[in-house]
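Visitor: If you want the building blocks of each chain, they are given just below.
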Amino acid sequence: MLGTLAGIACIVAQALIPAAIGVAIDDGIIDRDQTALLWWGAAILALGTVQALTGLLQDRCGLTASLGAAYRTLQLVTAQATRLGGTLRKKASTGEVVSVGVADITQLGATLETTGRFVGAVVVIVVVAGIMLATSWQLGVVVLVGVPVMVWAVGLLLRPLHGRQQHLREQQADLTTHAVDISSGLRVLRSIGGEAQFSRRYRQMSQRVRGAGVRVAGVEAALDSAKTLLPGLLLVTVVWLGAESVLAGRLSVGQLVAFYGYAVFLATPLRRVADGADQFTRGNVAAARVIRLLRIEPEHGSGTTPLPDGPAELVDPDAGLRVPPGRFLAVACATPSDAALLADRLGRHTGTAATFGGVPLRDAPLEQVRARILVATNEDRLFDGSLRAELDPADRSDGLHAMIEASSAQDIVEALPDGLDQPVVGAGQEFSGGQRQRLRLARALMTGPDVLVLVEPTSAVDAHTEARIAQRLSQARTGRTTVVFTTSPIMLNAADRIAVVVGGRVVTEGTHQGLRGDARYRRIVAREDEA
Amino acid sequence: MKTDDTVHTLPVASAREVRAQARRIAARHRGPLFCAVALHALAAASGLVTPRLLGGLIGEVSRGTADVTRAVVLILVFVVAQAVILAAAVYASARLGETVLAELREEFVDNVLTLPLATVERAGTGDLVNRTTRDVDMLSRAVRQAVPDTLFAGTTIVLTVGALILVDPLLALPCLVAVPVLWAATRWYLRRARDGYLRQSASYARITDGLTDTAEGARTVEALRIAHRRTARADADITESYQAERYTLYLRSVFLPICDVAYVLPVAATLVLGGVFYLNGLVTLAAVATATLYVQQVIVPVDVLLYWMNELQIGGASLARTLGVRGATPARASLPSPDTGDGRVELDAVSFAYREGHDVLCDVTLRVEPGERIAVVGPSGAGKSTLGRLVAGIEPPTTGTVTIDGVALADLAVDDLRRRVALVTQEHYVFAGTLRENLVMARPSATDDDLEKVLKALDAWDWVAEHGLDTAVGAGGAALSPAQAQQLALARLALADPQVVVLDEATSLLAPRAARHVERSLAAVLEGRTVIAIAHRLHTAHDADRIVVLEDGRIVESGSHDELVRAEGAYAALWRSWHG
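Chains E and G are the protein sequences, given in the same order.
Using the working numbering, the letters of the first sequence map in sequence onto residues 1 to 531.
Using the working numbering, the letters of the second sequence map in sequence onto residues 1 to 580.
You may find that some hints are simply not true.
As the list claims (entries may be wrong) - To be clear about the criterion: a stretch of chain E counts as covered by chain G if any three or more of its residues have a C-beta under 8 angstroms from a C-beta of chain G, and this derived list gives those stretches:
#, region
1, 95-104
2, 114-123
3, 173-187
4, 240-249
As the list claims (entries may be wrong) - If you want the ones that stay clear, here's a sample from chain E, every Cβ over 10 angstroms from chain G, calculated:
#, residue
5, ALA52
6, LEU256
7, VAL359
8, GLU509
What the hints contain is simulated information worked out from the structure, not anything from laboratory work.
All values reported here derive from a predicted model rather than from experimental measurement.
Each residue gets a CB set at the ideal place from its N, CA and C atoms; glycine is no exception.
Isolated chain G (complex conformation):
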């Protein structure tokens, strides 16, 4: 974030957008969705026949006149039917779930890949990585388990109540006693559970972070003698985690006993009231037995339904966060852009502030000729990196204009912008994949010969050849040193070959002598391109056509190395302390 001051997070989709997306998904998969629901309903329905047959059998047996074999065979038939249909239903809904899930995550990644540059730069990677891992995982869990289970449980409940009414509407009445209790208890619980469990998992995340810090920095802990701080931190995390656990325990202490009693209540009520009805000749014994079995049987799906409620809420929140990334997307108008020119950069009276009233750059005017190599030097916080970001089109200026070949950068589509200008910073990144994949991303048409040429120019061919272009690098692959990673980044840049190149301390991780050599080679590779190098070491400045000294957001000196040394200004003083 360097000079940026506020932590920007990516947006979250509203409840309305989430519902709209759910409707779109349902509409898109109308056929398979209908099929899955119908199969679940059929499976649940065949499960309801058994208690009915059993109830009938009990009625007959109690009268001493039963065709046991016929009833048993019928029950057997329906048990087998339910098992077979259930298998089909589970498979159909899982298939649908996997398809929807794949669509959601692919869409998410595509949205991530079109995030505007400024958003990416400002939001940092933490929030994004979190959404990529945690939220996509949560969503998977919800779609794989919560959705089909609730679907099945819901259908079963509806059908069971229906069957109960079919047996005898009178006997459906007792089970209604549980409804208001469960409804109120669930409502109370769900209102609190989400925050409670979020706090609980956040407390565990803090424990993990704290322990990672302690383990990763164990030597620092020893050197600075701050072991007491680490144990205090662990104790504080434990206290917080205990409080969070106590709270969710309290929620469960209220909710679960109510549910448990509420589950038994209809069983007892059906039995007693049904018994009374039977004794008064209002219903048959078979009906009472069937109803009791139904009410016992419906406990399981009700429990499943309540269990997944929480998970569905979490899944919904995760969906909102993954969809939120799309909300950040549309930024650049893709105006028809003129052909690329020869790389003339012009900044005209440019000011820039991340925060209103805190100008990082003030009234900067700079003209860079095509093919010219400019070095920008100055103390930290002078606005060098911000200048680089403006020239690279990542941030638009607050006032004034930044143009390349007369085109305002803010108006360009990303693809178009990239052909004109690229920024390489000291922050390097190696992608998981082969060395070749890490390079050709900048120019998909590049041949191995092209790669070799560029890598040789950057002194990187020796170690690359030693590994081979097909070596896996990045996470899970061979580890590259920071200097090697930086060479890769520069090679990518050379392959991308834009009109204007902005290097923000792009060689700072190389050893000083190697850095200078690489910079010179890079200059040869980029012959004819306009280069704006934000310099970390003075030799970069020495080699440039022109040096711009930036202090407090203003250009205070500008000229060639020799001119500036003669001018006896800030640069000359610095040069002497360096040169010794």
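The following block holds chain E by itself, in its conformation from the complex:
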């Protein structure tokens, strides 16, 4: 509100300056009154100062309003993303969420900020129109009709410009994509070759962008020219009619100068009104996108039956899989998609009939299921932040070194200049695939759930390290339930028991030694002698 008032005051002060100049010329210079000249000079300065200060106030209020809206929306979007959890990726892409959280909130802020300017512009147009019509209605009408026509004509010219600019932006985006492609794949390019080919293609695209840029410049040149010509023509008309009026004694010299000033000035508030209308439309679109995101509901509701305390058997009736409490069970699935689906069912990340101690997971409070059962996959993300905080999601702090040891990840930490205090950036892209996998394992172990379900936790780790992990994993999880989905013989060999899943059902169970004779098992487990 204050911002709107300030906006009005600012632009009105600006509007009064030409009038003050006119009066200064009339009363001070032409009437040869030095005192009046000084007073009006001071008035111009005062108007300038008012304009500066109210402009500042408007900026401050506008920014506060705009940031307030933007930040609040960002908080809501973040809260919604964490509330939706696994549902989010199924209902909205990351790009969508980020564009809502960044672009749309900025737009909302900008729309709010525009409100003050919009109202101010409308007020000032009325004020200026009043002044002009009162001074000389003929000239007033010329300016009041001429300026909107001029703004409209310029707007008309803007349209082809926008079209070509859009084309240029698209080509520019393609060019950037190509350059990013080169940068990202540079290791391959430099070691295998193809630089000349990529350089040639980049040059071709770059030259096309240059051509598009020059074509935009053509329209821009015409537009800039029109922006000079149209107000120029209006000014010529005002000067012509005005000078005749002065000669006829209907208008003073100072008023002529003031009219000249208004013809220049009025274009600004008119453009603001047009901008304002545009901003409101965009603000609406942005708000609609934010609301769509906030309306998504999580796919799993929460139940009320509490899960039994202490260790209990986890059962998936659809697959016929029984997970004995406190043991290390390995599950060898014939296809990776079977493994992913079964793991999700055990942790209620999808529709499930699984039970824990006889209580169906879907009837239990979701929060309790998440607290007791952790499903850790290779798609899990490493978040930005210090490695220490990242590896310890439950803020336990003790036992961290033991869990890093169990995941055979101590060499990763040791190689970092700041050790555990090293910041993780860009989802841990700085680490190799195998390193990320071991860090994720340490994090899962550190969370320490009653039931830990791991999906292919060592697929990117070398055989030496895998052997070490397999051995330490069962020690780290002694007395608690661990389910590992894997096809690696080293891992399978370390499990207390193995369930073999073919076609989504458990077909046989046993130990690594005991199952060696089973053809179905041998087919799943890539072993030396069959390959």
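Guided by the hints, dock chain G onto chain E, whose structure is given.
Guide: Coordinates of chain G only, in the frame set by chain E:
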């Protein structure tokens, strides 16, 4: 970065180099540059005639003796002239700008393409991608808008002041009052603005990163129950962004009101002082009116000039970063190299450290005969990948020598090195383009038959044929699975066909059985080539002619599979746990 420990960033060009480059560009485009400046000057000059004519007209009208029509027609002529010349000026400077911009970015990409291997490997892609996108964009903005606008504004200001002096030197005096104010305020502002706005945009980048993390890892957030951390992160980002915004607001709160007042000050001063001069008979009424109009008119270009100052600074910084890439370029002496031999690799007492005192490899001596296939196994962090990088000539050894056919790799030019040795890692990359383009980059002369042969050998022909070689893949094209991308990488390698091949877990993304089959096919394709495979799965080792076991940067065992199993050492123990 694997075992690398420090984050290396690419260099940034110094202010002197940036200025030198600007001078070179100006010299190279002397003609068009002169033309653009001259046109802008002409346009600005014709814009200055109108106030003068108007001032004269006001003088005459006030005396009641004016030829209004003549004055109006003259004004009209100059308005049209200014509009026409301006169009030509804008077009000329934009044309020049686009040409310079194209040169700059093409040069940048060419420099990127000649970066030394070690720099690329160590600097990571983040910094480079940032320079490719952000800095090139910033530079475009500066060249497209800031440079021509400041050019025009500068010319207009100079000419207006000149015109003011022509009208009456006395009347030029009042507008000088604004100069020290504006100069001091701008100086104060620019010193702080750059950092302030950089901090502000960095805070928004953090918001984007944080939200990307939250959205991308939403399931992980739910599974690990760390929603409170994500909201805390968002709150912290908001606080930081708010502080950054507050700071730039403070800068504007000081700077903008001073500017606004400083703009009105000369108008009032000219009017009052001019009026006093007129009343004392020192100047004419026409001159006062003209001067007042000039001073009002010059506000716009001054504002434009100040507005773009900041942008020009940012553009300069971006130019420094894009030019900096060139600073990293010259590395390899291109000695005349002897012909390629048959691929004998020799490492003699090689040690290597990324950081002084932390040897990753110690005193490694290894001879690999032409056509021999070696598997390197060992626990993570044993130095396997580093060994691969040394053999591939990416890093020079700290002490000792690495040679292929007796030639020290550090001395070879990249093209030459590539004919001798190539490294394929598990990090695969699919370029945006057709499947064919993704392959022939390794051998531009390859025919479709060649591609088919290689792809068939790697079990990749079925899916490639299904898509067709002309299918667009990579960013914006069809998505390939990691395993397919890896097959492409291996196909590229087979097409490049170097004397020595280093495979660093190059098949780790394929399913175990498929991996083994592909490795065997690859061996057939690479028949007669020396292969050093860093093994992830033990069957790779089993199939090799010789196995080297690396532990803590030293070779602890070496021999054929059977020899090592008989020796009952580390390898034998591992083999048994695998074999079950």
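Visitor: Are there hints from earlier that the structure breaks, and if so, what are their numbers?
Guide: 2, 5 and 6
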